[in-house]
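Protein chains: 2
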Amino acid sequence: MEKYIGIQLDKNSPQHLYMQLFQKIRQLIMDGKLKEKDKLPPIRQLANMLGVNTSTIVNAYGLLEKEGFVYKKIGSGTFVSERHDNDLSDILLQKYPLDEDIRLMDRGQIQIKENMISFASATPTTDLFPVEDFKILLNEVLDRDKGDAFGYQESQGYFPLREALVNYLAQSNIQTKTENIQIISGAQQGIDVISKAFVDYNDTIIVESPTYTGAIGTFKSRGAKIVSVPILKDGIDIELLEESIKLYKPKLVYLMPNFQNPTGYSYSREKKMKIIELAKKYNLLIVEDDYLSDLSFYRDDHATLKSIDEIGSVIYIKSFSKIFMPGLRLGFLVLPKKIHHKILAAKHTSDISTSGLNQRVFDLYLKKGIWKNHIQYMEKIYKERFDIMKKCIEKYFTQTGIDYSFPQGGLNFWFSLPEGYDANKLYVEAAKNNILILPGSIFFTCQNESRCFRLSIASVYPKDIEIGIRKLSQVIEKFIKKDTDKRKGADPYTPLL
Amino acid sequence: MEKYIGIQLDKNSPQHLYMQLFQKIRQLIMDGKLKEKDKLPPIRQLANMLGVNTSTIVNAYGLLEKEGFVYKKIGSGTFVSERHDNDLSDILLQKYPLDEDIRLMDRGQIQIKENMISFASATPTTDLFPVEDFKILLNEVLDRDKGDAFGYQESQGYFPLREALVNYLAQSNIQTKTENIQIISGAQQGIDVISKAFVDYNDTIIVESPTYTGAIGTFKSRGAKIVSVPILKDGIDIELLEESIKLYKPKLVYLMPNFQNPTGYSYSREKKMKIIELAKKYNLLIVEDDYLSDLSFYRDDHATLKSIDEIGSVIYIKSFSKIFMPGLRLGFLVLPKKIHHKILAAKHTSDISTSGLNQRVFDLYLKKGIWKNHIQYMEKIYKERFDIMKKCIEKYFTQTGIDYSFPQGGLNFWFSLPEGYDANKLYVEAAKNNILILPGSIFFTCQNESRCFRLSIASVYPKDIEIGIRKLSQVIEKFIKKDTDKRKGADPYTPLL
Numbered sequence: 000m001e002k003y004i005g006i007q008l009d010k011n012s013p014q015h016l017y018m019q020l021f022q023k024i025r026q027l028i029m030d031g032k033l034k035e036k037d038k039l040p041p042i043r044q045l046a047n048m049l050g051v052n053t054s055t056i057v058n059a060y061g062l063l064e065k066e067g068f069v070y071k072k073i074g075s076g077t078f079v080s081e082r083h084d085n086d087l088s089d090i091l092l093q094k095y096p097l098d099e100d101i102r103l104m105d106r107g108q109i110q111i112k113e114n115m116i117s118f119a120s121a122t123p124t125t126d127l128f129p130v131e132d133f134k135i136l137l138n139e140v141l142d143r144d145k146g147d148a149f150g151y152q153e154s155q156g157y158f159p160l161r162e163a164l165v166n167y168l169a170q171s172n173i174q175t176k177t178e179n180i181q182i183i184s185g186a187q188q189g190i191d192v193i194s195k196a197f198v199d200y201n202d203t204i205i206v207e208s209p210t211y212t213g214a215i216g217t218f219k220s221r222g223a224k225i226v227s228v229p230i231l232k233d234g235i236d237i238e239l240l241e242e243s244i245k246l247y248k249p250k251l252v253y254l255m256p257n258f259q260n261p262t263g264y265s266y267s268r269e270k271k272m273k274i275i276e277l278a279k280k281y282n283l284l285i286v287e288d289d290y291l292s293d294l295s296f297y298r299d300d301h302a303t304l305k306s307i308d309e310i311g312s313v314i315y316i317k318s319f320s321k322i323f324m325p326g327l328r329l330g331f332l333v334l335p336k337k338i339h340h341k342i343l344a345a346k347h348t349s350d351i352s353t354s355g356l357n358q359r360v361f362d363l364y365l366k367k368g369i370w371k372n373h374i375q376y377m378e379k380i381y382k383e384r385f386d387i388m389k390k391c392i393e394k395y396f397t398q399t400g401i402d403y404s405f406p407q408g409g410l411n412f413w414f415s416l417p418e419g420y421d422a423n424k425l426y427v428e429a430a431k432n433n434i435l436i437l438p439g440s441i442f443f444t445c446q447n448e449s450r451c452f453r454l455s456i457a458s459v460y461p462k463d464i465e466i467g468i469r470k471l472s473q474v475i476e477k478f479i480k481k482d483t484d485k486r487k488g489a490d491p492y493t494p495l496l
Numbered sequence: 000m001e002k003y004i005g006i007q008l009d010k011n012s013p014q015h016l017y018m019q020l021f022q023k024i025r026q027l028i029m030d031g032k033l034k035e036k037d038k039l040p041p042i043r044q045l046a047n048m049l050g051v052n053t054s055t056i057v058n059a060y061g062l063l064e065k066e067g068f069v070y071k072k073i074g075s076g077t078f079v080s081e082r083h084d085n086d087l088s089d090i091l092l093q094k095y096p097l098d099e100d101i102r103l104m105d106r107g108q109i110q111i112k113e114n115m116i117s118f119a120s121a122t123p124t125t126d127l128f129p130v131e132d133f134k135i136l137l138n139e140v141l142d143r144d145k146g147d148a149f150g151y152q153e154s155q156g157y158f159p160l161r162e163a164l165v166n167y168l169a170q171s172n173i174q175t176k177t178e179n180i181q182i183i184s185g186a187q188q189g190i191d192v193i194s195k196a197f198v199d200y201n202d203t204i205i206v207e208s209p210t211y212t213g214a215i216g217t218f219k220s221r222g223a224k225i226v227s228v229p230i231l232k233d234g235i236d237i238e239l240l241e242e243s244i245k246l247y248k249p250k251l252v253y254l255m256p257n258f259q260n261p262t263g264y265s266y267s268r269e270k271k272m273k274i275i276e277l278a279k280k281y282n283l284l285i286v287e288d289d290y291l292s293d294l295s296f297y298r299d300d301h302a303t304l305k306s307i308d309e310i311g312s313v314i315y316i317k318s319f320s321k322i323f324m325p326g327l328r329l330g331f332l333v334l335p336k337k338i339h340h341k342i343l344a345a346k347h348t349s350d351i352s353t354s355g356l357n358q359r360v361f362d363l364y365l366k367k368g369i370w371k372n373h374i375q376y377m378e379k380i381y382k383e384r385f386d387i388m389k390k391c392i393e394k395y396f397t398q399t400g401i402d403y404s405f406p407q408g409g410l411n412f413w414f415s416l417p418e419g420y421d422a423n424k425l426y427v428e429a430a431k432n433n434i435l436i437l438p439g440s441i442f443f444t445c446q447n448e449s450r451c452f453r454l455s456i457a458s459v460y461p462k463d464i465e466i467g468i469r470k471l472s473q474v475i476e477k478f479i480k481k482d483t484d485k486r487k488g489a490d491p492y493t494p495l496l
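Protein sequences, first through last, are from chains B and Y. Under numbering that gives the first Met the number 0, read the first sequence as residues 0 to 496, first letter to last. Under numbering that gives the first Met the number 0, read the second sequence as residues 0 to 496, first letter to last.
Careful, some of the hints might be misleading.
Which copy is meant is left open, because identical chains are indistinguishable; a pair holds if it fits in one copy or across any two.
To be verified - Lysine-lysine pairs mimicking DSS-like chemistry, simulated, CA-CA at most 27 Å apart:
#1 LYS462 <-> LYS145
#2 LYS431 <-> LYS477
#3 LYS431 <-> LYS23
#4 LYS65 <-> LYS32
#5 LYS176 <-> LYS34
Because the hints were derived from the structure by calculation, they are not lab data. The structure presented is a predicted model; accordingly, all values stated were derived computationally and were not measured.
All chains, please: the whole structure from these sequences, using the hints.
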């Protein structure tokens with residue numbers, strides 16, 4: 000029974016208890032903690048231990064059986080199944096082996112346990128979502144448009160929404176027209192659609208190093224060669240960038256000039272101007288991924304490249320996942336003139352169009368001014384966390400010997416361990432102490448180790464920030480000490496309580 | 000003013016009148032019917048002619064100006080702008096020229112005017128959408144799940160929905176598990192994701208000829224070579240298929256075994272079994288696109304390949320766009336075992352996940368049995384149209400000399416003109432008479448002409464079917480006669496009234 004003691008079910012979750020239990024037992028099987036032919040506990044016994052009805056156990060076991068994880072033997076109980084996997088799938092797998100991307104992604108997917116403090120996720124917690132407002136507008140759209148809200152939409156996007164976005168953009172000094180706006184199902188699709196339109200097999204793409212994992216995955220899936228240019232505290236290394244451009248003649252240059260992911264660094268005004276100059280000089284197509292410029296707490300100049308792009312060399316990607324609701328899958332592109340047909344074709348072959356209902360609701364959001372209120376609300380929430388985070392880092396991290404510099408906005412903080420230390424290992428030690436961090440290695444294109452790591456404030460409540468940072472500082476101190484001790488042959492490390 | 004006489008605004012449309020007017024004048028400019036420096040009519044005069052308020056005209060002109068289509072000269076009126084397009088975009092366009100796909104797509108996009116009878120669209124009219132049911136379930140989900148409905152979802156799909164789909168599939172004799180189901184944002188994304196996972200530059204894909212335009216576009220965007228094998232009235236030409244497999248060693252074989260698009264043909268049981276045999280013999284991965292097997296009016300055996308696939312060689316794509324609401328962008332894949340990680344990575348780089356809200360609503364649809372009622376309703380509606388269509392074709396088309404065979408279900412009918420006639424030209428003549436058909440050429444991979452065309456009943460009301468088919472038969476008779484006359488040097492053709 001000791002394997003089952005760790006199982007905790009959350010009665011307040013919208014997910015059924017039996018489903019929670021199913022998932023936890025499935026995890027035990029998949030992790031190898033329960034092995035073939037192991038017997039599951041008797042129903043009544045497990046129900047008593049977990050404090051639930053026997054029907055919860057019966058349903059969970061039933062689902063496990065249906066999914067092939069367990070089998071029943073009448074009169075003697077329920078047992079973990081053998082896995083039968085010896086059919087054509089094996090041959091297919093040899094023919095189409097899993098590649099790097101998946102290992103990369105697996106490392107990005109972090110199992111969140113109860114009581115963990117997660118600095119790993121850059122996604123807002125769901126309690127920050129303006130569900131009630133959204134519901135009112137959703138019903139308004141349904142009453143107004145009826146079936147039209149569910150027909151195929153223009154691939155380029157719902158026209159009134161594009162109109163509303165033209166006005167919205169004018170407020171951030173981006174002057175454009177509806178014909179240059181392309182609605183997308185989230186920023187990830189934006190990167191994908193741009194790649195389809197402009198990147199062929201063996202083309203080169205220049206990215207910042209480190210950079211957003213999802214972009215690397217998409218570029219690789221087009222068979223592109225990826226060239227990384229380091230990002231410094233005031234933006235990408237411009238000299239190296241120009242050299243790389245001359246050497247590799249890239250099809251695209253993918254940049255995040257404000258509060259870069261994962262570093263939080265922002266480009267200086269000079270570097271932004273220089274990027275536009277380079278674009279002109281070498282006829283470059285720049286992809287600007289703007290996922291956070293709205294959250295500029297201590298920086299006056301968070302101009303986008305697009306706003307200073309007078310020659311039409313920047314494709315601007317706007318995501319709302321971090322400041323609105325990621326599950327909506329909604330964002331947009333601002334395109335240089337004339338290339339929208341090419342993007343439109345790529346969008347069409349990707350998913351034809353983005354959900355019309357969500358587009359219509361978002362249109363009302365912008366037009367009724369609710370959007371502005373929401374952004375102000377999110378700014379307030381995040382700024383509070385940002386300020387607490389800064390204080391805690393100053394208080395607890397200065398002694399640890401790790402390196403960092405504070406961003407002037409956004410959600411991410413970036414740290415380096417002293418030379419010779421691998422943040423992948425720190426990630427494991429921190430997780431043992433119920434703290435989730437994101438190891439830097441996943442943000443590099445061809446590096447399995449890194450002494451960097453990212454902490455994000457998007458999904459940590461203010462009260463947990465201090466607890467989390469204090470504990471993490473202890474983990475880091477022990478981690479560095481442990482490594483030193485190891486060299487002497489000792490291993491005194493035990494999880495902190 | 001004669002250019003404006005054709006403009007009709009629909010006061011019952013949910014779209015604002017000024018927006019309608021804006022779009023129509025913009026179209027006149029884009030079509031070259033209004034030229035640079037042409038003056039737009041005075042506001043009051045146009046308002047009188049169209050029977051609307053002057054504010055409608057003022058707003059439409061204002062939007063045209065904002066979008067750069069017109070400019071105002073104080074005291075003298077509003078004029079059509081020059082188009083300034085001489086910046087970097089021109090260079091970009093030279094660097095990244097528009098390709099075949101776009102021309103293909105442009106031809107697929109058909110401008111629907113008022114009073115047109117459209118046999119072109121295979122999409123249901125929006126009045127058939129179960130908006131009221133959907134709205135109730137949507138509100139139920141929002142009240143139950145709140146913010147959770149808008150967070151990032153599992154990339155593989157909302158677990159309870161995958162569970163519901165396992166049960167749904169069991170009813171069509173497809174036995175699977177939740178781990179083998181991948182939720183997608185519509186069938187088009189399914190094709191895209193499968194391509195990303197399995198198709199590299201220069202790989203070969205075998206398709207039926209003719210086949211679905213959207214699939215061709217996606218395969219081309221991966222740099223794949225496409226090999227077409229003709230489809231016969233009982234399914235693909237099996238001998239040619241086997242020869243092609245031996246010759247080209249395809250990465251994928253893309254098939255629609257039931258009510259194929261565009262032909263409406265279905266595979267015989269023998270051919271279905273043979274496909275599975277070939278898959279086993281050559282270790283093939285078969286992609287089965289099932290967009291219509293639900294609408295089997297006169298066919299007992301509409302088994303899917305997946306239901307007879309015992310060796311795990313079929314990826315099954317299920318779309319609901321034709322029988323539910325296309326704007327939802329929701330469908331799913333059933334995968335052979337073990338390859339779901341590869342598909343999952345491709346899905347992740349495409350759009351991370353499908354809208355969680357729509358997934359949750361659809362889950363309730365299935366679990367509450369509302370889905371079953373809806374499908375029965377759609378079957379009834381479509382069967383009525385199908386029967387009327389058959390009767391009308393028999394009544395009016397037998398004299399015209401065109402060839403066809405009736406499908407046993409689905410929405411599409413496929414016709415061939417006599418040898419030497421091009422359906423692209425018939426398409427133009429039919430459109431002049433307010434009848435929309437789809438010329439066959441868009442369904443072939445490398446053919447600009449075809450004597451075939453497709454008629455679909457999805458968006459034609461029963462009362463219009465007879466009117467439309469009668470008129471089309473007259474167009475066809477004249478078209479064939481015209482062509483014969485042309486050879487004699489005459490051109491007596493004028494639009495039928």
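Evaluated hints:
1. LYS462 <-> LYS145: Result: close only across copies, 23 Å inter versus 44 Å intra.
2. LYS431 <-> LYS477: within (13 Å within a copy, 80 Å between copies)
3. LYS431 <-> LYS23: within (18 Å within a copy, 64 Å between copies)
4. LYS65 <-> LYS32: This pair counts as within: shortest intra-copy Cα distance 20 Å, inter-copy 64 Å.
5. LYS176 <-> LYS34: between (61 Å within a copy, 20 Å between copies)
Hint check: no violations occur; every hint is consistent with the structure.
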